[in-house]
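Number of protein chains: 4
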Amino acid sequence: MSNKILSVKAKISIRFSDVDSLGIVWHGNYVKFFEDGREAFGKKYGLTNLDFIKVRLIPPVVKLNCDFKKPLMYGDSATIETKYIDSEAAKLIFSYTIFNDSTNEIVATGETTQVFLTIKRVLILTIPPFFENWKKKRGIIK
Amino acid sequence: MSNKILSVKAKISIRFSDVDSLGIVWHGNYVKFFEDGREAFGKKYGLTNLDFIKVRLIPPVVKLNCDFKKPLMYGDSATIETKYIDSEAAKLIFSYTIFNDSTNEIVATGETTQVFLTIKRVLILTIPPFFENWKKKRGIIK
Amino acid sequence: MSNKILSVKAKISIRFSDVDSLGIVWHGNYVKFFEDGREAFGKKYGLTNLDFIKVRLIPPVVKLNCDFKKPLMYGDSATIETKYIDSEAAKLIFSYTIFNDSTNEIVATGETTQVFLTIKRVLILTIPPFFENWKKKRGIIK
Amino acid sequence: MSNKILSVKAKISIRFSDVDSLGIVWHGNYVKFFEDGREAFGKKYGLTNLDFIKVRLIPPVVKLNCDFKKPLMYGDSATIETKYIDSEAAKLIFSYTIFNDSTNEIVATGETTQVFLTIKRVLILTIPPFFENWKKKRGIIK
Numbered sequence: 724m725s726n727k728i729l730s731v732k733a734k735i736s737i738r739f740s741d742v743d744s745l746g747i748v749w750h751g752n753y754v755k756f757f758e759d760g761r762e763a764f765g766k767k768y769g770l771t772n773l774d775f776i777k778v779r780l781i782p783p784v785v786k787l788n789c790d791f792k793k794p795l796m797y798g799d800s801a802t803i804e805t806k807y808i809d810s811e812a813a814k815l816i817f818s819y820t821i822f823n824d825s826t827n828e829i830v831a832t833g834e835t836t837q838v839f840l841t842i843k844r845v846l847i848l849t850i851p852p853f854f855e856n857w858k859k860k861r862g863i864i865k
Numbered sequence: 724m725s726n727k728i729l730s731v732k733a734k735i736s737i738r739f740s741d742v743d744s745l746g747i748v749w750h751g752n753y754v755k756f757f758e759d760g761r762e763a764f765g766k767k768y769g770l771t772n773l774d775f776i777k778v779r780l781i782p783p784v785v786k787l788n789c790d791f792k793k794p795l796m797y798g799d800s801a802t803i804e805t806k807y808i809d810s811e812a813a814k815l816i817f818s819y820t821i822f823n824d825s826t827n828e829i830v831a832t833g834e835t836t837q838v839f840l841t842i843k844r845v846l847i848l849t850i851p852p853f854f855e856n857w858k859k860k861r862g863i864i865k
Numbered sequence: 724m725s726n727k728i729l730s731v732k733a734k735i736s737i738r739f740s741d742v743d744s745l746g747i748v749w750h751g752n753y754v755k756f757f758e759d760g761r762e763a764f765g766k767k768y769g770l771t772n773l774d775f776i777k778v779r780l781i782p783p784v785v786k787l788n789c790d791f792k793k794p795l796m797y798g799d800s801a802t803i804e805t806k807y808i809d810s811e812a813a814k815l816i817f818s819y820t821i822f823n824d825s826t827n828e829i830v831a832t833g834e835t836t837q838v839f840l841t842i843k844r845v846l847i848l849t850i851p852p853f854f855e856n857w858k859k860k861r862g863i864i865k
Numbered sequence: 724m725s726n727k728i729l730s731v732k733a734k735i736s737i738r739f740s741d742v743d744s745l746g747i748v749w750h751g752n753y754v755k756f757f758e759d760g761r762e763a764f765g766k767k768y769g770l771t772n773l774d775f776i777k778v779r780l781i782p783p784v785v786k787l788n789c790d791f792k793k794p795l796m797y798g799d800s801a802t803i804e805t806k807y808i809d810s811e812a813a814k815l816i817f818s819y820t821i822f823n824d825s826t827n828e829i830v831a832t833g834e835t836t837q838v839f840l841t842i843k844r845v846l847i848l849t850i851p852p853f854f855e856n857w858k859k860k861r862g863i864i865k
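Heads up: the protein sequence lines correspond to chains U, B, Y and R, in order. By the count of our numbering, the first sequence reaches residue 865 at its end, each step adding exactly one. By the count of our numbering, the second sequence reaches residue 865 at its end, each step adding exactly one. By the count of our numbering, the third sequence reaches residue 865 at its end, each step adding exactly one. By the count of our numbering, the fourth sequence reaches residue 865 at its end, each step adding exactly one.
Treat the hints with care, since some could be wrong.
Because identical chains share one entry, a pair is satisfied inside a single copy or across any pair of copies.
Derived lysine-lysine pairs resembling DSBU-like cross-links, with alpha carbons at most 30 Å apart [said to hold, decoys possible]: (1) 865 to 792; (2) 793 to 843; (3) 767 to 793; (4) 777 to 793; (5) 786 to 766; (6) 732 to 858; (7) 755 to 865; (8) 865 to 793; (9) 734 to 843; (10) 766 to 727; (11) 806 to 793; (12) 843 to 792; (13) 865 to 734; (14) 858 to 806; (15) 727 to 843; (16) 734 to 777; (17) 793 to 860; (18) 734 to 786.
Think of the hints as simulated: they come from the structure by calculation, not from any bench. Values in this document were obtained by computation on a predicted structure and should not be read as measured data.
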């Protein structure tokens, strides 16, 4: 496994409708922020959902966890940092850290794991060529 | 056009996360309630999204309007009445009335219009046979 | 009424999760895009939800309509133009036009109407001083 | 700690709009299903968000995890079982199991942890009286 760190920071836009009646961003909306993070990562490094779909791979999320440390409020500005976590299994793992831009405090951390299915929804047990090539191109494996 | 009235009432479940920071159901969530109403109508009368998809028709919503008259709050119980509005065009129109179960007041009314596309997303200009048969079966046309 | 046009354009970010099983942005999500548009307008012209809340006004949406003309897909880039529509009543009206950035086609248009409530949720029938001052400042009224 | 098991089963309604472009329920929507489960539990056992808010406690979710084992599709019928997990700390923990009603297979499992804040958002470090009484009433503690 490589020591190479691939990560990307992206602004999160907090909508009025993201906030619940307690006045804080509803916790379920962080899953969308993680998706924003993954998307920003994918755009920077060539690994979006669309890139997978083009090579006929479906990359469903099979595991999700999130720790909520501080609330975000309407009007807050926040940033998500998305980091690629390499795995020797046929998995795509990202970790996330969300920062409040004003205080620079960590408001949440999380992780998602994706696997790869064929178009017919059969689980792929070995790293698909597209993803292996991506790892090589990015210097993660040789 | 027939005088026959096809309508169905369905309970709406208001989630904690449906409520915004003003303490009322966020207005955009009513679009989901309309979908619930359409779905309940479809189940009763054999006209769900799945029924269309089975005959290779895509029924996108092309027009939506909503009037919000009273707020709904977390903990409120509400009912949506969905009424079929017949049209001679190749359109599927529903009107909606949402009631607060406690006060019996109308909280919102709305209407949606759907059209029919082929799988290749070409607009169908005449009433598709599946829908025409449905109208006959339901006594809307002869 | 003034001829002054106040409008703002803002990029819309289309999430993977905004797209439904027909492969297009689910129609209900346009309500969020309208909110994005309103928010961008508010930031440019000093009229966000937060600005209202600060002066103890609640500005609920009481009317919404939307016409969906073309689908948006995952990966599409779009822009919303939000235009202030002046009214002599105690109402805040915006019209929206959403463009597909690649084709420059209009994908949707819509309009929302907001009214003003006191903190105790009583409808305000005359234009509140905060909003009247805003209109003067922006050259809409004298 | 007690061996008493408090749990409740509730039907999940899968909306057309819950499904993503891969044709499966978007993973982030399971957070709503967990909320449905918690709500059903709360209604059965007197421990809803509203019950907390009435005694001026805010119960934010601070930890969430979810394992997605099988996809849910539009048209599927599913059930969530929500189980109370007792903790000696000032925490409210639930575990969730979602079943596909047709196949009876487990489609997802998850867990949430909530803490208690005062109205002024100060973390409460000891079990609040309301919650302790609830535990006694339910035979979890003596």
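Is it within, between, both, or neither for residue 793 and residue 860, if the alpha carbons may be no more than 30 Å apart?
-> neither (37 Å within a copy, 32 Å between copies)
Identical-chain pair category, residue 793 with residue 843, by Cα at 30 Å = Only across copies: residue 793 and residue 843 sit 14 Å apart there, 41 Å inside one copy, limit 30 Å.
Give the relationship of residue 734 and residue 777 under a CA distance limit of 30 Å: within one copy only, between copies only, both, or neither.
-> Intra 27 Å, inter 25 Å, cutoff 30 Å: intra and inter.
How would you classify residue 767 and residue 793 at a CA-CA limit of 30 Å: within, between, both, or neither?
-> both (28 Å within a copy, 29 Å between copies)
At 30 Å max between alpha carbons, let me know whether residue 732 reaches residue 858 within a copy, between copies, both or neither.
-> Result: close within a single copy only, 20 Å intra versus 39 Å inter.
Copy assignment of residue 865 with residue 792, given that the CA separation must stay at most 30 Å | Close neither inside one copy (38 Å) nor across copies (32 Å); limit 30 Å.
Are the CA atoms of residue 734 and residue 843 at most 30 Å apart within a copy, between copies, both, or neither?
-> between (35 Å within a copy, 28 Å between copies)
At most 30 Å between C-alpha atoms: does residue 786 with residue 766 qualify within a copy, between copies, both, or neither?
-> The answer is both: 22 Å in one copy and 29 Å across copies each meet 30 Å.
From the Cα coordinates, with 30 Å as the cut-off, is the pair residue 734 and residue 786 best called within, between, both, or neither?
-> both (24 Å within a copy, 23 Å between copies)
Copy assignment of residue 843 with residue 792, given that the CA separation must stay at most 30 Å | Only across copies: residue 843 and residue 792 sit 16 Å apart there, 39 Å inside one copy, limit 30 Å.
Pop the pair residue 755 and residue 865 into one bin, within, between, both or neither, using alpha-carbon distances up to 30 Å.
-> neither (33 Å within a copy, 42 Å between copies)
Up to 30 Å between alpha-carbons, please classify residue 777 paired with residue 793: within, between, both or neither.
-> between (38 Å within a copy, 23 Å between copies)
The structure does not agree with the numbered hints 1, 7, 8, 13, 15, 17 stated previously, though it agrees with the rest.
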